[in-house]
Structures are given as structure tokens and as C-alpha cells.
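Undergrad: With the hints as extra help, turn the sequences into a complete structure.
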Amino acid sequence: MKTTLESIRFACPSCQQVHRVPAEFEGRKGSCSSCKQVLRVRRGVAELYRSRSSSSASRAGEGRREDSPEDAYAWSSDGLRRAAPRPSSRRASTPPRRPVALIAALALCGAGFAAAVTGAAVSLTRSSDPLASIPRDMDLVVQADYQSLLDELELLPLLEQQRALVQESAAIDPVDDIERIYVAANLTKAQGGDGEGVLVLIQGDLDLWALQAAVEQQAMKFETRDYCGTSYLVAQGLPKPFALCLLQSDLLAVGTERSIQDAIDATQGATPSILDNPDLAPSIVGVRESLLWCAVHVPEGSPLTEGLAPGLRSLVLSADHESGVLNLVSSARFDSEREAHAAQGQLEQAFSGLDEQLLASPLPIRPAALGEALVGKSITRDEQTLELSVQIDTAQALQAAQGAE
Numbered sequence: 001m002k003t004t005l006e007s008i009r010f011a012c013p014s015c016q017q018v019h020r021v022p023a024e025f026e027g028r029k030g031s032c033s034s035c036k037q038v039l040r041v042r043r044g045v046a047e048l049y050r051s052r053s054s055s056s057a058s059r060a061g062e063g064r065r066e067d068s069p070e071d072a073y074a075w076s077s078d079g080l081r082r083a084a085p086r087p088s089s090r091r092a093s094t095p096p097r098r099p100v101a102l103i104a105a106l107a108l109c110g111a112g113f114a115a116a117v118t119g120a121a122v123s124l125t126r127s128s129d130p131l132a133s134i135p136r137d138m139d140l141v142v143q144a145d146y147q148s149l150l151d152e153l154e155l156l157p158l159l160e161q162q163r164a165l166v167q168e169s170a171a172i173d174p175v176d177d178i179e180r181i182y183v184a185a186n187l188t189k190a191q192g193g194d195g196e197g198v199l200v201l202i203q204g205d206l207d208l209w210a211l212q213a214a215v216e217q218q219a220m221k222f223e224t225r226d227y228c229g230t231s232y233l234v235a236q237g238l239p240k241p242f243a244l245c246l247l248q249s250d251l252l253a254v255g256t257e258r259s260i261q262d263a264i265d266a267t268q269g270a271t272p273s274i275l276d277n278p279d280l281a282p283s284i285v286g287v288r289e290s291l292l293w294c295a296v297h298v299p300e301g302s303p304l305t306e307g308l309a310p311g312l313r314s315l316v317l318s319a320d321h322e323s324g325v326l327n328l329v330s331s332a333r334f335d336s337e338r339e340a341h342a343a344q345g346q347l348e349q350a351f352s353g354l355d356e357q358l359l360a361s362p363l364p365i366r367p368a369a370l371g372e373a374l375v376g377k378s379i380t381r382d383e384q385t386l387e388l389s390v391q392i393d394t395a396q397a398l399q400a401a402q403g404a405e
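In terms of this note's numbering, the sequence shown opens at residue 1 and continues consecutively.
To be clear, the hints were calculated from the coordinates, so they are not data collected in a lab. We treat Cβ as the ideally placed atom computed from N, Cα and C, and that holds for glycine. Keep in mind that a hint or two might mislead.
The calculated EDC-like cross-link candidates involving lysine to aspartate or glutamate, where the alpha carbons are at most 16 Å apart (straight line), are [claimed, not checked]:
no. : residue 1 : residue 2
1   : 189       : 137
2   : 377       : 320
3   : 189       : 257
4   : 377       : 348
5   : 189       : 176
6   : 240       : 196
7   : 240       : 265
8   : 377       : 387
9   : 240       : 223
Computed beta-carbon distance windows for the label pairs [claimed, not checked]:
no. : residue 1 : residue 2 : range
10  : 129       : 372       : 19 to 29 Å
11  : 387       : 322       : 11 to 21 Å
12  : 148       : 216       : 30 to 40 Å
13  : 337       : 210       : 46 to 56 Å
14  : 310       : 238       : 12 to 22 Å
15  : 238       : 387       : 27 to 37 Å
16  : 341       : 158       : 20 to 30 Å
17  : 220       : 352       : 54 to 64 Å
18  : 239       : 323       : 40 to 50 Å
19  : 238       : 210       : 15 to 25 Å
TA: Right, here's the structure in full:
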């Protein structure tokens, strides 16, 4: 008699909550309904359970060890639970996946069915940090709160004019589907101008297969490839092809194939992410909820360290807009307290002579109007970190820029 397998049973390693999910969930991520620990069922574990179940009768009485929920996982050296690595030979024997939206729909229905019947409340991972998908070697990271920018910059009327066109050509609603946008770059790799070392992440309500179908209607074709159990698309027929990958249920990555593979490694915990970068991570934590922020890691020998700011190691810029006031904050970290102190003196001197510089400027800016727009500023230093904060009344600044009386 042939043995069939309808579900896989395993326990969360953090809280020991027992989950039972359909066998089709092999290779998919989920989160524990109790402690929100991110889980992944390794591919091939269903076959392992099936073979053990079919031979249980012949092995009765032999003291067989019970199937351990740990079989589907491996522990990494940092103590965090990671998906067990898959042997490279398995990739060649795995049949190609069908890039059809129906498969994703069936999987989602299966998740809902499992939650309703078993009470396990298995859900796709939407709580994972998008920054954890950015490789550690990226020197530049920019994050924009897309929805807030639409409101603050009053861009909705402009987007409404292009909304239908974007939906038809890319299956993305530019008003409702996008939440945040991240741009990361390795400045050394990006100097070649071929797109290497650049990664764009779009967070929101996105459907990779719908995007593929819409773009292919514009005469562009994609090839589906697999890397470490994650499928991604590579555009064909372009001199500099790009790739697309849904790293999380709400996180779309765009970049070269190498950039996408690096992002997959970071997402799965196989390599460090930008959150493991000691030069950037502490500064990012304080600004990540801002409307717009940019973090730059300055390597030794960079032009920024020669003359302009010797000893500069990282620079974080953030912008927030509330009640008509734009708050700009710049935080710079230096190699030593002495270099930070020297930079503070240069910055204070530059601000003290700002009015004279504006008077000599050919630009139509009135220093008096700009002075009214500048409602606050401060320069502070804490050992090796120098921070500049400026508050600007946007209406007054616009008048100053226009040279209004």
C-alpha cells in the first residue's frame, strides 16, 4: 500500500509551539504564531518523513528514534536558526518550477486552510527586516518612506495621470502598492557603470509573476532560475540584463543577477547583512523611521577623507517634514575625537559666515528671507560623532529661493 503524506509536523525552536502545515509548504518561510520566530521547512523533509513512515511497520520494536522537528533545520555559528544548506546536486535533480500565479494562490489557500483547521496560524513572512536583505559590503543605503513622500510632496495628482499606464505595463499600482523603497550600492563595484554592486528593494503589495506577465507583453522575456532554493527572473535580450526576485512576501529585489544572489544569501542568513556593519548599523537604527534617510560608509582613501573631512568613517543624513517644518539631521562619525573636534570647528565657522556668502551669491536668494526660514540649528559632538541639526520653514524657504519680497 502506498503511503501518502498530507502534512508535516514540527515544533518552533524558540517556544516549542507545535505546527502542522501542508506538505506543499516545503521550502517556504513562515512565522510562529506564538513568538513570531521565522521558520523554514527544508526541501526534501517531506520525502524523508514519507520514507520513514512507510517503513515503520518493519522497524517496530527496534527502539526507532522519533522524527525530530530539528531535522528540517540547522544551527549557524552565531546561534541563530537558519535553513539547513541544500546539497548542490539537489538543484540539478529538482524539476523546474512553473512561474504561474496559480501556484502561489494555491499555496496561500493552503496556509489559510491550515490555520483554520489546526489553529497553527502559519503566515508568510512579512515582519522580516528589509535591511537584513542588504549585503554588508554595501557602502551606500538610501530609504524612502514612499507613502509619506506622496503626501508631503503632494505627488498624488501627478501619479494619477500615469497610474493606469504603470498598472498595465508593470502590474504595480504606483499609488497603493508601494510602501518603501531602498537603494543600496557598493561604491567600488558601481564605478564600472554596468549595474554591478547596485540593489533596489521595493516593499509593498507586489506579485512577481503578475509583473513578469505584464512586462513580457511589452516584448521582454524572462528566464526563471534558482539559487539556494529561491526562484528569480532574469531579463533576456538586453546588453545589461537585470534580475527580479521576491525575497519576502512583500519585498521585491531588482538588480544584476550577482546582486540578487548576494541579497538571497543575506536574506537567508548565509552572509552578513548591513545590520551587521558596525560602522553603519548603530546610526541607521536612530533614523530608520524618518521620511528619507541616507547612510554612507566611507572607506579609507576615499576622496571625502582627503582635505574635506579627514578621518570621516560614516555619514548618515535624514529628513523629516512635520507641520511645515523640514528637519534635516547629519550625523558623522570620525576615526578619533580630535578629528571630530576639528570638523566641528570648520562647520561652525562655515555657519558664521553664511550671510556673507549669500550676499555675494548670484542666486536670487535674500539672506533676510533665508534667516526667517531657518527656524533652528544646532551643532553637537559626542566624542567621535558630530551631529548637525537644521530646521527650515518650507514656505519661507520657497519664498527665499524665489527672491520674493
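Undergrad: Evaluate each hint against the coordinates.
TA: Hints, verified against the model:
1. 189 x 137: Holds: residue 189 and residue 137 sit about 10 Å apart, inside 16 Å.
2. 377 x 320: At roughly 15 Å apart (the allowed maximum being 16 Å), residue 320 and residue 377 satisfy the hint.
3. 189 x 257: 14 Å, holds
4. 377 x 348: Measuring from Cα to Cα gives roughly 11 Å; hence the hint holds.
5. 189 x 176: The given pair, whose Cα atoms are some 34 Å apart, is violated under the 16 Å limit.
6. 240 x 196: 10 Å, holds
7. 240 x 265: Status violated; Cα separation ~22 Å.
8. 377 x 387: 11 Å, holds
9. 240 x 223: 15 Å, holds
10. 129 x 372: 19 to 29 Å: Violated: the Cβ-Cβ distance is about 41 Å, outside 19 to 29 Å.
11. 387 x 322: 11 to 21 Å: With a Cβ separation near 19 Å, residue 387 and residue 322 satisfy 11 to 21 Å, so the hint holds.
12. 148 x 216: 30 to 40 Å: Given range 30 to 40 Å: holds, Cβ gap about 33 Å.
13. 337 x 210: 46 to 56 Å: For residue 210 against residue 337, whose Cβ atoms are near 54 Å apart, the range 46 to 56 Å holds.
14. 310 x 238: 12 to 22 Å: Violated: the Cβ-Cβ distance is about 43 Å, outside 12 to 22 Å.
15. 238 x 387: 27 to 37 Å: Hint violated: Cβ distance 44 Å, outside 27 to 37 Å.
16. 341 x 158: 20 to 30 Å: 46 Å Cβ-Cβ, so the 20 to 30 Å window is violated.
17. 220 x 352: 54 to 64 Å: Given range 54 to 64 Å: holds, Cβ gap about 56 Å.
18. 239 x 323: 40 to 50 Å: This hint holds: roughly 48 Å between Cβ atoms.
19. 238 x 210: 15 to 25 Å: 21 Å, holds
Of the numbered hints given earlier, the model fails hints 5, 7, 10, 14, 15 and 16; all others are met.
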